[in-house]
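Engineer: Line by line, the protein sequences give chains A and B. First residue of the first sequence? That's 10 in our numbering, and the numbers climb one at a time after it. First residue of the second sequence? That's 10 in our numbering, and the numbers climb one at a time after it.
The set of hints was computed from the structure by calculation and includes no laboratory data. Worth double-checking, as some hints may not be accurate.
If chains are identical, the list can't say which one is meant, so a pair holds when it fits in one copy or spans any two.
[To be verified] Simulated pairs of lysine-lysine, DSSO-like, Cα-Cα distance not exceeding 30 angstroms:
{"hint": "1", "residue 1": "K198", "residue 2": "K222"}
{"hint": "2", "residue 1": "K211", "residue 2": "K222"}
{"hint": "3", "residue 1": "K81", "residue 2": "K55"}
{"hint": "4", "residue 1": "K114", "residue 2": "K198"}
{"hint": "5", "residue 1": "K302", "residue 2": "K28"}
Listed below, chain by chain, are the residues.
There are 2 protein chains.
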Amino acid sequence: PFKVPENKLLNLESFFSMKAIPQKLLVAGEGPVAAEVSQLLALIGKDVTLLKTAEKIFPALDDYMGNFISRKLESMKIKIIEGTAGYDTLNIDDYEGIVNCMPRKGIKPTGTLKPDSADSFYITDEHFMTSVRGVYAVGDVNGRSIYAHAASAQALAAVNHILGITESMETERVPLTVYTEPELAQIGKTEKQLAAEGIEYKVNEFPLSANGKALTEGQSEGILRILSEPKYGEVLGVQIIAHNATDLISEASAYMAVESTVWDVARTMHAHPTISEVFMEAGSDAAGTPVHKG
Amino acid sequence: PFKVPENKLLNLESFFSMKAIPQKLLVAGEGPVAAEVSQLLALIGKDVTLLKTAEKIFPALDDYMGNFISRKLESMKIKIIEGTAGYDTLNIDDYEGIVNCMPRKGIKPTGTLKPDSADSFYITDEHFMTSVRGVYAVGDVNGRSIYAHAASAQALAAVNHILGITESMETERVPLTVYTEPELAQIGKTEKQLAAEGIEYKVNEFPLSANGKALTEGQSEGILRILSEPKYGEVLGVQIIAHNATDLISEASAYMAVESTVWDVARTMHAHPTISEVFMEAGSDAAGTPVHKG
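Pulled out of the complex, with its shape left as it was, chain A reads as follows (with noise of 0.2 angstroms):
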């Protein structure tokens, strides 16, 4: 959307082999690309300013999520600023260098093949078969997720349906995972994503302060959130900043793939010390008896 001189383009390929780094830089993107390596950049001291390329850092967190990566990549003095409403304000001669953290497109196969497509990805189908009958497009192409693990699920799936073989794969539950300090984790619909299909649900937290092994291990900055149906409470989606949110979210993930409600989350019982005790705690507030809340 904009031009940047050759010279002063970094690309993340070429980024991990230079021998410097310029001080002051910008990164434009979004995702968890722009936020991971914004961070990491002002970690080792750069002046980092984040060219925002969409309303929201990552626009697929929950805004709980994205309020909270904001405000801490604010609070460690990178300065956020909007790339949607224009780039009017923005003087690249400002910076010494430019970081690429745009999303990528799929980048489609050449060939006599055209299956049919929407805003540059591939149409597919539950199965991920294109409008070519017995041509599947999983990963990057078809748009539906960034995310790797969801690629490979895709494919087997895409796999199943080839062999006949009718047996579900988790596909649409897809965890997200930002590699931030703390991490950031998320399972599941969003509040936003609810409210527009109305859907009525409940939050439920737990913060890391109150988890005696977050604290002793001096990593108490945090919070689990779990998003219940009221009547069956049936767990709808999982939100986790912690310093290993990336390995607490795959216990959410059990629990979404045969549908558990948060009964079942009351009453597993976590080990202790363990900062997936916050699991617990969220699920018996969930559930109406809260143990370590008041």
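For this one, chain A is given, so just place chain B on it according to the hints.
Structural biologist: Chain B alone, transformed into the frame defined by chain A:
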């Protein structure tokens, strides 16, 4: 079982307030604490001998886990000697300090109520009620588990029973955690228990040395093992050796609390790169469709 001069005896409580710790130490005991304390002392340069007061260092662990931790401690120059066969070879004069890591018995309240007991523990029914109607015993005193989280779960189950609530609590599937380096964690039945009960089972494993995140973190020592029922695939037990095994085990608790099968484990999408992917790998292997295992 043997006499120790008072001035040489170190209780764990006094241990942490000592100004200096003697160099040549005998750790006498069993269970997680004996393993943790022996390793800690070796890590700070002490000459440690572990006197096992049970045949296994931690009798509740699967032999696979027990053998691992024995070898691990021995690789750190900790001498392991048997206490069970008699203390004939033991010369207390060889040691400057004796660290008491013997298992604790439950401390029973004094009073006029005398519930039935056996082996110094109160006998309790499935609701943790003693032989005295309306009197419940949870935690160390009933001899079922040494863990705080088991006591908490038993307490909730007892209170539910008092209140007439029939909702089930997990009180049998107790996660066992050992805070050594690497950590050990286990839930469900051991191979020996399954064999003794005549339950058919299979074991599927995946090593951390083939997990990208573990390699990235330089913490690739360890393995995940899933014990499952061959026909319907129910997960019967999970054993983990890993730097953060005590947090990883909660995913296993989640699967087992709702009686998930290895197919559920296999089809749950796990974020990449995370250590939790070892669940997907071992689960896929158990389901007969390994992804990254030959």
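Engineer: Work down the list of hints and note, for each, if the structure agrees.
Structural biologist: Status of the hints after comparison with the structure:
In this assembly of identical chains, K198 and K222 lie within 30 angstroms of each other by CA distance both inside one copy and across copies; the values are 28 angstroms within and 26 angstroms between. Within a single copy, K211 and K222 get their C-alpha atoms as close as 27 angstroms, which meets the 30 angstroms cut-off; across copies the closest is 34 angstroms, which misses it. Taking the shortest alpha-carbon separations for K81 and K55, only the intra-copy value of 16 angstroms comes in at or below 30 angstroms, while the best inter-copy value is 43 angstroms. Proximity of K114 and K198 under a CA criterion of 30 angstroms is satisfied intra-copy only: 24 angstroms inside one chain copy versus 48 angstroms between copies.
Taking the closest pair of Cα atoms, K302 and K28 never come within 30 angstroms of each other, the shortest separation being 51 angstroms inside a single copy and 38 angstroms across copies.
Of the numbered hints stated above, the single one contradicted by the structure is hint 5.
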